[in-house]
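K.L.:
For this one, chain C is given, so just place chain R on it according to the hints.
Number of protein chains: 2
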Amino acid sequence: MPERREDEIRRELRRMRRVIDVAMGREAADLTLKNASYVNVFTGEVLTADIAVAEGLIAGVGSYSGREERDCTGRLVLPGFLDAHIHLESSLVAPAEFARAVLPHGTTTVVTDPHEIANVMGADGIAYMLQATEGLPVDVRFMLPSCVPATPLDESGAELERKDLDGFYGHPRVQGLAEMMNFVGVLAGDEAVLEKLAAARLSDRRIDGHAPDLAGNGLNAYIAAGVRSDHECHDLRDAAAKLERGQYIMIREGTAARNLEALAPLLNEKYGSRCLLCTDDKHPGDLLEKGHIDAIIKRAVGLGADPVAAVKAASLNAAQYFGLHDRGAVAPGYLADLVIIDDFQSFRVEAVYKRGVLAAEHGAAMPFPVPVVEPGLTERAHHTFRVGSLTAEDFRNDGPLGVVGMVDGEITTLDAGRAEAADTARDILRAAVVERHRGTGHIGLGFLRGYGLKSGAVATSISHDSHNIIVVGAGPEDCAAAVNRVVELNGGIVVWNDGKPAAEVPLAIGGIMSSEPLEVVNEKLEAAKAAAYALGVNPGIDPFMTLSFMALPVIPTLRLTTRGVFDVGSQSYV
Amino acid sequence: MPERREDEIRRELRRMRRVIDVAMGREAADLTLKNASYVNVFTGEVLTADIAVAEGLIAGVGSYSGREERDCTGRLVLPGFLDAHIHLESSLVAPAEFARAVLPHGTTTVVTDPHEIANVMGADGIAYMLQATEGLPVDVRFMLPSCVPATPLDESGAELERKDLDGFYGHPRVQGLAEMMNFVGVLAGDEAVLEKLAAARLSDRRIDGHAPDLAGNGLNAYIAAGVRSDHECHDLRDAAAKLERGQYIMIREGTAARNLEALAPLLNEKYGSRCLLCTDDKHPGDLLEKGHIDAIIKRAVGLGADPVAAVKAASLNAAQYFGLHDRGAVAPGYLADLVIIDDFQSFRVEAVYKRGVLAAEHGAAMPFPVPVVEPGLTERAHHTFRVGSLTAEDFRNDGPLGVVGMVDGEITTLDAGRAEAADTARDILRAAVVERHRGTGHIGLGFLRGYGLKSGAVATSISHDSHNIIVVGAGPEDCAAAVNRVVELNGGIVVWNDGKPAAEVPLAIGGIMSSEPLEVVNEKLEAAKAAAYALGVNPGIDPFMTLSFMALPVIPTLRLTTRGVFDVGSQSYV
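Protein chains in written order, with my numbering: chain C, 11 to 584; chain R, 11 to 584.
Isolated chain C (complex conformation) (with noise of 0.2 Å):
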């Protein structure tokens, strides 16, 4: 260790020197943005001046050469984008593809919370996306999950206590402890709860929140056990409340949670240092449709905020927030993770550096090396689903069952009474989660109103927060062969009817993510959508995001879970 210290001081040395050689102007830049309107995070101006480069590292600010030079002339440089909270997953795609994707819109660090797939795998799903990660031209930093399984209901791929995570907190990558969404257990003294708010604080890492609409002296105890950050507020009040204690308020902009109108005001001088940007999770086609940080910057924007103030809460708050003093600004010394946009109104990003290097330009990131993972992970990964051949009988109920009414927009749900058979007519579906991770044979019997299908059914392994199988049909036939088939294809969606695929998507890593390119698997989400929407579901839900809420057992009123249907309210099954 120490020889390696020495080597790595030497490395640094070398580097350093470099860097001063050409902040000195003794050696041209390896890259100088000429003539740059660049945003100044400390001082809230736009200035312009040449922006040198040398080793990946900002060496000036000023009048510089470079061996390559880029007129940036009327353009506006930024500092990378940085993504405070989001579950990688989300995006359905490895997460190489993932940042294929974002970088093109300035996005050159990411925090993760990889608890979709820690509740798949545990541990070692952990162990996977750091793999799966290493290297990329998007930094990705992880938050550990807090909560798996997310209730004590679930019957997930894994416990996580503290002790399995605690090994992590030496990884370089590893920021905090992701989302404490059981603010209930930390209020309450709960010790499993609390050892893990202990673990990051006595390892003096940021331990992010989950508490909408926690208020008073909950509020007090939840922000005294150390948690130091909301992405949970959707208004002001709420906001205000947790500010005012000395949280860091996460501004939510994703594909299901979408925040920002209601926060923007937020972005103002009292309120706009203690502020972040983050999406919590993003679909395939919403982040083909609308990008990433830059969309929220320039949506806040058009909302009123000011511009330097949400690309501030797009990078040095964030980077302040999480320690990564390297980071967050155009100025000496820090990180070339630099945006070139257009102007603020339009906000186009022409070209993006990560570290000084081409990472994206005119929409398309450059190629780089896709991280590679160990085989006995890989391997772990793409084995995820322990459940045998199932048939019609599985799903076959002997009496009355809870039906879950679904809710147009929402993902809340209604008591819509008891039913004994599956009703087309009366869209009175068949339901159920199989419990897919430990060979149980659990199979959670219900049905579903609301959804709309006429025939078939539609299964899918995405389903929060266990990532069992959910399927919802006309029959118990087809419900067995949806299923049956996510299982073949190692996990995915499946579109059933007429006794085959209409449609489907495959996600063979842990169940949720595909390893093809994300075009490819937004194509085939777009087509299962389709063919599910043709088999009647619905047009006011989304046929999987929405289904895959259903088995969540914290949202009330109803829920399916692996032992049935689960009343959230009495706590109770129905």
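Among the clues, some could well be false.
Some chain R residues near chain C, calculated using beta-carbon distances under 7 Å [what the hints assert, rightly or not]:
(1) Glu18
(2) Glu22
(3) Leu23
(4) Ala33
(5) Met34
(6) Gly35
(7) Asn230
(8) Ala231
(9) Ala235
(10) Gly236
(11) Glu254
(12) Arg255
(13) Pro275
(14) Glu279
Hint data in this document are derived by calculation from the structure and do not stem from the laboratory.
Backbone N, C-alpha and C fix where the C-beta goes; we use that ideal spot for every residue, glycine too.
P.N.:
The following block gives chain R in isolation, referenced to the frame of chain C:
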């Protein structure tokens, strides 16, 4: 180690549970400040609430009761103050005495650079100060001295290379590398200098700067090398150039250098969050009469600065810069380091709490145990003189020597020609610097004009930055006697006249600090000053402080070194 971590986690868990119970209102707080108007550094507001304290932390801000309650109606509660850069040795007392002096002024954290004692004792000096500050009610954090000796001309007690510092980065109270004064070395790419920066960077620690008026490409290079702060700004132009490039600016207002009046306008919305407060040095009388950070905030407010911005510079901003995530705000989960004052204008500190414990009230610190330094280090600190008994012969010259011309109220000097002998009528005095660390026998001879002494001699073992013995006298006998007395004392300040000490200030800890109480040291110092002035010393200069700078070979024009009079301009001995 794993067992120790388990113990720590269990302890932290118990502590958190109690804090949560108090925050929730399930248990009474250890202490509640009732009806307190407190400065919210996150929102910039003054809000009113009860502040509940448990386990040394702020548990909640709202409506609370406590086992102990303190009515704060009509009072202001502020987060404890942080001095971002000081050399504790400048107080001339041991750290515990310094703590006793500053606690009643609201200081709960100081960041010290043990540069002075390191010049005497090297790494042992750092170790001494770490031990002498362990567990004090003022949390003393360290920046490692980066420039020992200060110049290659200095004959100091030690040279600190990067490898000598490396081991200290593992200490929990070491925050980084102290003021890199050798900016010339940085810009030249000097290996020994860059190595120190590289080591700090690789340990993810802060690097403080010291580069008055450095601008343009040089400033870019210096900052690109990782230097993230500066405390040498004396005007807004200099400060703005550094702020713009991402440096934090420490606004310095100490005994020797005072920049507050020039820099107070920085405490505004544009720059305020990037400013810190520091003193750099605080002499005994100044500490006793003026106070500490409280006096800076008060004066800043008097100069028109926003009070909240000034408080924030003394708390949250500094904590953020140094990565001290546990302090700097009145908010749940933060250390209960709290200062109660009357109002921003009179700024009278009524009480100070450190980790929730009353640490000072109405100007007096509560008693606390003095840290014990291990005997070997104590012994070493009290025996730092290797000088045999000197005689008048040692101070006689053979030919003409340079005359260092002192300037009233300045530490710069003039070239006042050459002289062969002292002549009190023309105010030309004999002067010498006696190497005292290594027994080299080096005695640099010269003359001093402008000091004013009419008879006797003044000698001191405080002489920047090497702390050799500097002496000025009417004749060689007096010089020899005064130096011998300093050596006899194991260090100190001696005013010699008529064959005996007219006054003396013993400084037996490294020859630069006393083990007596601050008030005693101050009395002795004032008596010695009076004695020196009585012997004719020019009232326009400080008889000891100004003298102590005559040996610092980096400030123009002439300086006195252990090898004789040195011309800083031509970099040669006269």
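K.L.:
Look at each hint and say if it fits the structure.
P.N.:
Against the structure, the hints:
no., hint, in the structure
1, Glu18, "holds, 6 Å"
2, Glu22, "holds, 4 Å"
3, Leu23, "holds, 5 Å"
4, Ala33, "holds, 4 Å"
5, Met34, "holds, 5 Å"
6, Gly35, "holds, 5 Å"
7, Asn230, "holds, 3 Å"
8, Ala231, "holds, 4 Å"
9, Ala235, "holds, 6 Å"
10, Gly236, "holds, 6 Å"
11, Glu254, "holds, 6 Å"
12, Arg255, "holds, 5 Å"
13, Pro275, "violated, 14 Å"
14, Glu279, "holds, 6 Å"
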